[in-house]
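> Heads up: the sequence lines are chains A and B, in that order. Just so we're aligned, residue 1 is where the first sequence starts under our numbering, counting upward by one. Just so we're aligned, residue 1 is where the second sequence starts under our numbering, counting upward by one.
Since the hints were derived computationally from the structure, they do not count as laboratory data. Mixed in with the good hints there might be a few duds.
DMTMM-like, lysine to aspartate or glutamate: derived pairs with alpha carbons at most 20 Å apart [claimed, not checked]:
| # | chain 1 | residue 1 | chain 2 | residue 2 |
| --- | --- | --- | --- | --- |
| 1 | B | K78 | B | D31 |
| 2 | B | K77 | B | E199 |
| 3 | A | K9 | B | D197 |
| 4 | B | K242 | B | E304 |
| 5 | B | K70 | A | D90 |
| 6 | A | K9 | A | D91 |
| 7 | A | K85 | B | E109 |
| 8 | A | K9 | B | E244 |
| 9 | A | K135 | A | D90 |
| 10 | A | K9 | A | D23 |
| 11 | B | K77 | B | D197 |
| 12 | A | K9 | B | E237 |
| 13 | B | K76 | B | D285 |
| 14 | B | K70 | B | E234 |
| 15 | B | K283 | B | E30 |
| 16 | A | K9 | B | E30 |
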Amino acid sequence: MPSAGVERKIRALVAKPGLDSHDRGAKVVARALRDAGMEVIYTGLRQTPEQIVEAAMQEDVDVLCLSILSGAHMTLFPRIIDLMKERGLDDVLVIAGGVIPEEDISKLKDRGIAEIFGPGTPTRVTVDYVRNNLKRKS
Amino acid sequence: MTLSPKDLAQGVLKGNRRSVARLMTAIENEDPESRAAISQLYPHTGNAYIVGVTGPPGSGKSTLIGQLAKQYRKRKKKVGIIAVDPSSPFTGGALLGDRIRMQELSADEGVFVRSMATRGNLGGLARSTVDLVNVLDAFGCDIIFVETVGAGQSEVDVIKLADAVVLVMAPGLGDDIQAIKAGIMEIGDIIVVNKADRENAERTMLEIKEAIELDTEQKEWSPPIVKTIATSNEGVEELIEKLEEHRGFHMKAGLARTRIKGEIQLLEALKARLAETVMADLKGDRDYEIMIEKIASRQLNPYEAAATLVDKIVRRNQD
């Protein structure tokens, strides 16, 4: 039967904070989320935490996916989380991927990054995680 | 914290950017309450200058809008940008990448950028683009840029909402036959030849100029052609001059166009409303299902079927 309404779309922001310039991983994740039917906003390289949080706010995303390879995650991620709290974006799921040492993972989770996906994670795992862990109700 | 669309509309009028973003989502998702919010905002719209930016993929629309926004910010104008990209017809997903070329703007509170997917709509825009423009207008933006999907020849919906249409072309995208085709070439109020440092830029200029001169209809506004190199900001000042010139012209002679825009928007709203009403009426209707079968087996044509169904609904509503 035809329906007049439109289903609610999941919106995702894929962002690369910091100075490294390798965005293949970010693009793979963006593509996988798109293929899973989500609307994915890709911001490009070398974003400041302020730029990322502002974009997440304007685009009203459900999930923020951060990718980092530069090693600056312990500085940049907590800064992003703090800015999001400041602006009342606490209902946005934040996940991360890239090269992040084992010992930092639990610290980042304590600071508010919901999950961290290391190199080689099948995209299917990331997609399912996003689907099942959104903080906003549809 | 869930605010109703009406609360969000209040937030928009108070200048709250989070409210702008959330109301836009409600509108895009066709939240039934968002209609009331739009009605609430409508009396506060009509102040922004709305510039549609269209043209083939890769001609530099996003980069150009980024530069224009920066220049308007220097003039202390509040800028809104809505960038539309296509949804996948297969998965419904979309990759919205226009922000990549507007990165410098995202730390500036005087600019609001929103990416939109077409969600199945043809014509170069999404169905609710016009309402998102209204939100930014009520929010107090002085100028709003609406970037269409990379358009070919028939994505001309942008004229339904823009006060001015900038058509962005680039050298080497097609020969002169492309330029005289009806459709997209006809809707430009200002034509930009971007990437003017490329080979064949002069030839492209000439071809477009010739195509415009072939236009036999006498027009009050003949579209100027501006050469730009968006990546290095060349020609952007001249483009702004032309935009402001057009705005002056539009203010004087614009009533006719505003009326046309009003009529088109009413027609669109009517069509949407009618379709919704009809579909709601047909919910669970056995005739509807039977007709689908008949059309599939070629016993009935869709036009006849539609006429029969509409007649039936009209009759039912008269009783």
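> State for each hint whether it applies.
We went through each hint and held it up to the structure:
1. K78/B x D31/B: The hint is violated at about 28 Å.
2. K77/B x E199/B: Given that 20 Å is the threshold and the Cα spacing comes to 35 Å, the pair is violated.
3. K9/A x D197/B: Given that 20 Å is the threshold and the Cα spacing comes to 41 Å, the pair is violated.
4. K242/B x E304/B: violated (50 Å)
5. K70/B x D90/A: violated (30 Å)
6. K9/A x D91/A: It holds: about 16 Å lies between the C-alpha atoms, which stays within 20 Å.
7. K85/A x E109/B: With a Cα-Cα distance of about 18 Å, the restraint between K85/A and E109/B holds, given a limit of 20 Å.
8. K9/A x E244/B: violated (38 Å)
9. K135/A x D90/A: Since the Cα atoms of K135/A and D90/A sit roughly 9 Å apart, the hinted pair holds (cutoff 20 Å).
10. K9/A x D23/A: Judged against 20 Å, a Cα distance of about 25 Å means the pair is violated.
11. K77/B x D197/B: violated (30 Å)
12. K9/A x E237/B: violated (39 Å)
13. K76/B x D285/B: Violated, at about 57 Å.
14. K70/B x E234/B: With Cα atoms ~13 Å apart, K70/B and E234/B stay inside 20 Å; holds.
15. K283/B x E30/B: Between K283/B and E30/B the Cα gap is close to 19 Å, so the pair holds against 20 Å.
16. K9/A x E30/B: holds (11 Å)
When the structure is compared with the earlier hints, violations turn up for hints 1, 2, 3, 4, 5, 8, 10, 11, 12 and 13 and for no others.
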